[in-house]
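Heads up: the protein sequence lines correspond to chains A and B, in order. Residue 697 is where the first sequence starts when you use this note's numbering, and the numbers rise one by one after that. Residue 17 is where the second sequence starts when you use this note's numbering, and the numbers rise one by one after that.
Calculated from the structure, these hints are not laboratory results. Warning: the hint list may mix true and false statements.
With a straight-line cut-off of 20 Å between C-alpha atoms, the simulated SDA-like cross-links for lysine to any residue are [to be verified]:
#1 Lys820(A) to Glu460(B)
#2 Lys820(A) to Gly462(B)
#3 Lys471(B) to Ser797(A)
#4 Lys555(B) to Lys484(B)
#5 Lys484(B) to Ser797(A)
Predicted model only: the values in this text are computed from it and were never measured.
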Amino acid sequence: MAEKRLRILVAKPGLDGHDRGAKIIARALRDGGFEVIYTGLHQTPEMIAEAAVQEDVDAVGLSILSGAHMTLFPEVIRLLTERGAGDVSVFGGGIIPDEDSNKLKTLGVKQVFTPGASTEDIVKWVRENVQPRD
Amino acid sequence: MSTKQEWLEKVYKRSDERPVRFSTLSDMEVEPLYTPEDVKDDYNASLGQPGEYPYTRGVYESMYRGRLWTMRQFAGFGLAEDTNERFRFLLAQGQDGLSTAFDMPTLMGYDADHERSMGEVGREGVNVTSIHDVARLFDQIPMGKVSTSMTVNCSASALLAMYLVQAERTGVPWSQVSGTIQNDMLKEFTAQKEWICPPAPSLRIVTDMVEFCAKKAPRFHPVSISGYHIREAGSTAVQELAFTIADGLCYVQDAVSRGIDVDDFAPRLSFFWDLHSDFLEEVAKLRAGRRMWARFMKERFGAKNPRSMMLRTHAQTAGVSLTAQQPMNNIVRVAIQALAGVLGGVQSLHTNSMDETLALPTEQSVMVALRTQQIIAEETGVTNTIDPLGGSYAVEALTDRMEREAMDYINKIDEMGGMLKAIEVGYPQREIAEAAFLYQRQLEQGVKTVVGVNKYSIPEEIPIEVLKIDPLMEERQIQRVRKMKRERNSTALKEALKRVAEACRSGENLMGPICDAVRQDATVGEISDIYRAEFGVYKDPGWI
């Protein structure tokens, strides 16, 4: 039986324009065989949750380098849950200190990647940990 | 003696090379040896003496023997009074110019009390919502004596107006105000990605500022044409060189098309380069940039004033090269990158702090970064001779090659109708994304090395103390902004904002009306809202 291709939304919340990482990850995930939708910059949590529902994705990857991760991650999860999409896996990356990363995991973020993580690690993690939604 | 070709084939070939790819950081393949055969330049035409056309060897005749570069550390966080304190610390440490980092809301044209500012106020830089924040930022700093650089782009017109009006209020006439505002919108669309309206109206606002400064604040640098962000977004050194010069050509063309004499504004255009880790490549880039700009200004635009032809530049060590792993290694990277800047002849320099991949730098690490510049300036002796690498076969050959390859890009962009058109179709954006992806792959395959990351890594916990921002700070700024908005004269404000909107439509220079509006306490967000309403909002096409 052919496996359903996972659909991943790569999202760049916040006001900053640091999209180098997001674009590289988007491309690596696409090369890794997933269907990838990239939101572009300057997204609000509402726009991201809306796009995730509209596009019926299995996971949302957030790229945050502004320091606002403690506000933005929980907000995206809350809005996804509000829209009945609480089972979408939320992961992300950026300049995120360990103590924040641990706290984010207790708040429902599935994985946090920090500088130095390779695209290969991320593709592998998605392959092994993201479940297709029904 | 054998020729280079004979030597390569008969002598060099006998030896074994290490099994690595001999290429620059930007993946330009490098030959084992450069000789006089590789450097066919005519000295006068291609190099010239320092301070003489085409300025390859330096824009000033005495260079660092006359005056060292300006040591200008970029700083900003929290409320204006927090940054003011850091500014005064830096001036006390022997720094001679200021450089302001603003937070994301200020940079994107939102007030502190806007919902999109939530969680971002004062975090990556200082929050400036109104002229009152500018007053706090420069409290006790003589605005007529200390030159200030402000790194802000799409909301630059509001910040420039606030800066000028605040100078005027402290008794400093505009004719004496010196400083720089980044205001390079073209590179925003390709690299830094902070924008409000689409490229064409963005360019119009920039040119309004160029024109206004030429007439009213002639010592102020209205645009800092920036390669820094292009490189940090992942471009190669050649792309940084090509796209930056192409951006500069676009600004000059736009101002000239308005009928402004090139020599009335070009002497106040300045540049901002990235300094990455490939030492010779960076030195060559800086030298090639000077030669290219001089030739374009003279040949394409008919500039007569030599100052219009001089590419004067600020430079910053590459933030993107710093690693979170083994962060003390960053001190070494910064020192080598800064040395490339000095040997490349920059006029002003920022050295990054070792902890910048983690958070805003602490006072201790900023001091090490500044001391790095002081060591280069006063201990190493490299400032004794002008352009000491000039004449090196390798450096001259690389300088020529960078110019040649950058010219290929510029010719292509010219064929597309110039940089504005190229940006509208995403050409430089895609080129940069492609280069960034390629580099990432080379890193993961071990073709390129980053010490402590993909080689020589160790199990470690990162011990550096990082600057923490007070979480109550955002709330304080929001309350302060709300109070200011309640207390100002709303009738006069509305009238002033209406005139800004009218100028957007009529084509009148925007800066006069914006200065009047900030005198009535108009905020960064309110002026930006006028742009949003009049010019529309640019949406990221999200090319990957």
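Now for the hints, and whether the structure bears them out:
1. Lys820(A) to Glu460(B): Holds, at about 14 Å.
2. Lys820(A) to Gly462(B): 19 Å, holds
3. Lys471(B) to Ser797(A): Answer violated: Lys471(B) to Ser797(A) is near 25 Å, above 20 Å.
4. Lys555(B) to Lys484(B): 33 Å, violated
5. Lys484(B) to Ser797(A): 16 Å, holds
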